[in-house]
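Could you put the whole structure together from the sequences, leaning on the hints where they help?
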Amino acid sequence: MRIGVYVCHCGINIASVVDVAAVRDYALTLPGVVLAKDYQYMCSDPGQEMVREDIGKHHLDRVVIAACSPRMHEGTFRKVMEKGGINAYYFEEANIREQCSWVHSDRQVATEKAKELVAAAVSRVHLQEALREKEAAVIPAALVIGGGIAGLTAAKDMADAGFEVTLVERQPYLGGHVAKWTATFPHMAKAEEFLTPLIQEIQARDNVTVLTSSELTDLQGFVGNYQAKVAVTPRYVDASACTRCGQCLEVCPVEVPDEATWGLTPRKAVLLPSPPHVPDAAVIDPATCRHFTEGNCDACAAACPEGAIHLEEAIREETIDIGVIIVATGYQLFDPARKPELNYGKLPTVITGPQLERLLNENGPTGGELIIGGKKPTRITFIHCVGSRDHTVDHPYCSRVCCMYTAKQARLVKERYPDVRIRVCYMDMRTFCRGCEEFYNDVQRMRIIYTRGMVSEIFPKGETPVVRFEDTFLEEMMEEETDWVVLAVGMEPAEGVEELQNLLKLSRSADGFFLEAHPKLRPVDTDTDGIFLAGCCQGPRDIADTVSSAHAAAARAAIPLFAGKVAIAPIVAEVDEEVCAGCALCEQVCVYGALKLDERSKKMTVNEAVCKGCGACSATCPSSAIKLRNFKNNQLLAQIDALCVTSAEAGA
Amino acid sequence: MRDVLVIGGGIAGIQASLDMADAGFTVHLVEKEPTIGGHMAQTDKVFPTLDCSSCILTPKMVGVGQHPNIRLYTLSEVTRIDGQAGDFTVEVVRHPRYVDESACTGCGACAEACVMKGRIPNAFDMGLGKRGAVYIAFPQAVPLKYAIDPATCLTLSRGKCKKGPPCKLACAADAIHFEDTEKRLTLHVGAIVVATGYDPFDPRLKPEYGYGAYPEVLTALEVERLCSASGPTLGEIVVNGKKPTKVFFIHCVGSRDHTVDNPYCSRVCCMFTAKQAHLVKDKVPDAKVTVTYIDIRAFGKGYEEFYERVQDEGIIYRRGVISEVFKKGDKLYVRGEDAFLGEVYEEEADMVVLAAGLTQRKGLDVIEALGIQKGDDRFFKGPSPLDPVETGIDGVYLAGCCAGPKDIPDTVVQASGAAARAMAVLARGKAA
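Line order of the protein sequences matches chains B and C.
According to our numbering, the stretch in the first sequence is residues 1 to 652, in order.
According to our numbering, the stretch in the second sequence is residues 653 to 1084, in order.
Be a bit skeptical, because a hint or two may be false.
Said to hold, decoys possible - Interface residues of chain B toward chain C, partial, derived using beta-carbon atoms under 7 Å:
id, residue
1, Gly11
2, Asp157
3, Met429
4, Ala554
5, Ala558
Claimed, not checked - Below, simulated SDA-like cross-link-like pairs (lysine to any residue); rule was C-alpha separation at most 20 Å, straight line:
id, chain 1, residue 1, chain 2, residue 2
6, C, Lys697, B, Ser16
7, C, Lys935, B, Gly11
8, B, Lys134, B, Gly85
9, B, Lys229, B, Asp321
10, C, Lys814, C, Met768
11, B, Lys79, C, Gly676
12, B, Lys37, C, Cys759
13, B, Lys596, B, Glu574
14, B, Lys83, C, Gly717
15, B, Lys190, C, Pro1035
Think of the hints as simulated: they come from the structure by calculation, not from any bench.
The C-beta atom is built at its ideal place from N, Cα and C for all residues, glycine as well.
Below is the structure:
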């Protein structure tokens, strides 16, 4: 065996704490080591070139590099191995930065520890096996989950690039939250101005299939080769025959709170949403329709002059083969009833910002008039950060959009009702998006009172809300009667996020939103290969940032589809069939579903493309029949033995 | 047409290039500096994770340098663009490096030998460190090839350097060629990603803060270099030869400020200041660190939590604008308003850090000639504020801070987004 050892200075990151020359000299004394060098930056081009040259010149067959975490540069150095002409896996990286120089300050002790880590790596590299990456073909199709602005944008990008797209939306209509906004900041564009053309374009594409009222129920496979199962609930109305006459609505006996106004108004079990919701036709909600809940009503079907209503339709399941998945499942709004001191739900004129948005909308329940209980407000108080920056409801994060949507709503109100007195209570104005600070400047000139300070309570005086708040500039507590209170509710993870997390095997960050693979380097990737995040499912953001991230998710998803193949990492589990007893304990611990017991032979089998190399199976197997390549017992024990020996020597 | 042009080699251009190259397209990446990396390479640590910036950037830089589908042109500028989506003709001028990239091994013997060694302010270190006339900006530069600065090289500026240029004599690879000349090349590409980044606001335009007059007054980028382990002070916070004990950070310098015609928010300064306040407190635990602000805009993932953490570390946040930084005798003072106490105060400081905002780059005539619109903030913009990637010109897309200030995650996201739109054009051979 001819091992080369390289010790990296990492500038001064390692060299200022560890005596790299001493580590280098020590490495030369280790069995099998024929060459040891130190260098300023092993990851730099000249550092890599040095290793590549040495492999040929000194006939090295194994390499150890003592540098940073393998998470950082293992891939870099494996490529160097290949360029040098030896197997990429005849390599071991000793982490003497994160695990040594960064956490120690005593030069002598750190140097000894670095030596031990190098000795352990050398011991292990003796036993490493040559492995080869495999390739798998890719199905040139994408699944997009969510039909809001993020999903629509990503679907269009994938379709533009020439790939087949299936867009799955849980609601009966496309458009998501954005369809409910009256205007968008900072340029006051109406949702239908940009959303409707986008939806129409998606629907016109030959290579896009839209499934509304649909939910993902199962996902199998791996990047490039996923099989998704989608349950499609029927609309029960033939959209091509429906004329929007509304006779079904009139006869429907059901009355429940309308989700579209967050309960501000009632709705029927037949829905006929207004534009820009698409498709532009009625739909029946089986969760509330008496035909389904009680089995005794078909009033709408009887009333429909076109015979467009078909209550006999059944839920169907579709299986879709795709290469990649874009998750664009959005968010839900914080429920202010969780803050009882605000009396939301008790005082009828304490409403949320999104509810105000519907009242301001010409297609909304009041035709754009500000009326609740027959009365128009003359005083409105807006309250920021409801359910955001708030530890009491476990939402320490900022929701990123509420400062601006409130400024926009204050402006809309003031433009239509100049005499309404408006006060906005805020903590910090976060008008950071492009054109937004300028927008805020304009709004302040509209005789809108911005008061810095938080609201502690909204209490009733009869039916009238009284707001108790602090003015931090005047250092005073104030109580003020008002007509309406508008709560700038923040965002939280969408309903059903846990189910989706389990189906897709994703992670979530502390705020509950889906976790990206790396906040800076891979902000729309996930730890599951082939699954990408678009929009607010990853965290609150405004429309522009959502569109940007949807384009990004499309780019990242398109890469394997354009490339036409994916590499399958070879550090995966393997089964020794001679030893395997078929107990299937390993199958139970595999969270990726990579293991399957062969019914005939009663031996475990590994789907190498699905296996992530986590090692849970090998730790579970009572007979060591399933092992993780290059993390086998003998390889790890050699590493541990070397650590123990060197430690013992140091002790003696 | 499988070729695409990326203008600018900062993190935005790097990300867009890698995405498109990984998908199999041929990327021509044009960078005007001798190395890629941009402003992110100058940054010490990044918020809110406090990752070492170069540790997360370097792998991507190396990835660009080694990618079989990326042609990297450093010291180069785009001089002309004609054509339309699917079929652009691009002229590029490559300025002479005076060092043969294929021969240079990056060993540094030339820089050691240079007569001007240690005498020229290194722009990468914001002038706080010194280099020679032959130099690399920083040790992890890509390509790791030295370059000669013709303005300060004695051979190139005066025609003579000692009895034969010591750098040339020192170069074992015979890579130094003083006769190197400007070269022009023509590229044919199907799409273009503009990733030209930003210029930091010049705080000399706010003379009341004393930048340039008082050495204790620093910009945020200067502090990044002071914090950096590979910076001019090897990571020591030293101002005027001393460790500071009374540190003031001033927010919104050149942002939210009509007096300098920058009414916009620069979106990153609140957080980079919180990070720097943390780093200074970490390196100089006895220092009293005060941050003065208008509003704290901690809006990204984990940002609010980081802002809370920094406050818990004993850093004082005072709401109110600083009106002046001035000297009385040999002592430096800041005068500001505390909006909560409703009073004006004067306090001594021995280090003042200006959170200078982001402004549009100068010298983008070639890109403007394409017909890309600019906002009132002078950054590039497309027809809809709701789609920051589009320019309104088919085949041309925006990535990163050229389309308005943004932090690294938002920049990386937009860069991938621009790549998506460009790849759609490349795949169809025409406008999508």
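Consistency of the hints with the structure:
1. Gly11: 4 Å, holds
2. Asp157: With Cβ-Cβ at 5 Å, under 7 Å, it holds.
3. Met429: Hint on B/Met429: holds, closest Cβ of chain C at ~5 Å, below 7 Å.
4. Ala554: Nearest chain C Cβ about 4 Å off; hint holds.
5. Ala558: Hint holds; B/Ala558 Cβ to chain C Cβ min 6 Å, cut 7 Å.
6. C/Lys697 with B/Ser16: Within the cut-off at roughly 18 Å; holds.
7. C/Lys935 with B/Gly11: 19 Å, holds
8. B/Lys134 with B/Gly85: 18 Å, holds
9. B/Lys229 with B/Asp321: 9 Å, holds
10. C/Lys814 with C/Met768: Measuring from Cα to Cα gives roughly 11 Å; hence the hint holds.
11. B/Lys79 with C/Gly676: 19 Å, holds
12. B/Lys37 with C/Cys759: 15 Å, holds
13. B/Lys596 with B/Glu574: 12 Å, holds
14. B/Lys83 with C/Gly717: Holds, because 15 Å separates the two Cα atoms, which is no more than 20 Å.
15. B/Lys190 with C/Pro1035: 15 Å, holds
Every hint, counting from the list given before, is met by this structure.
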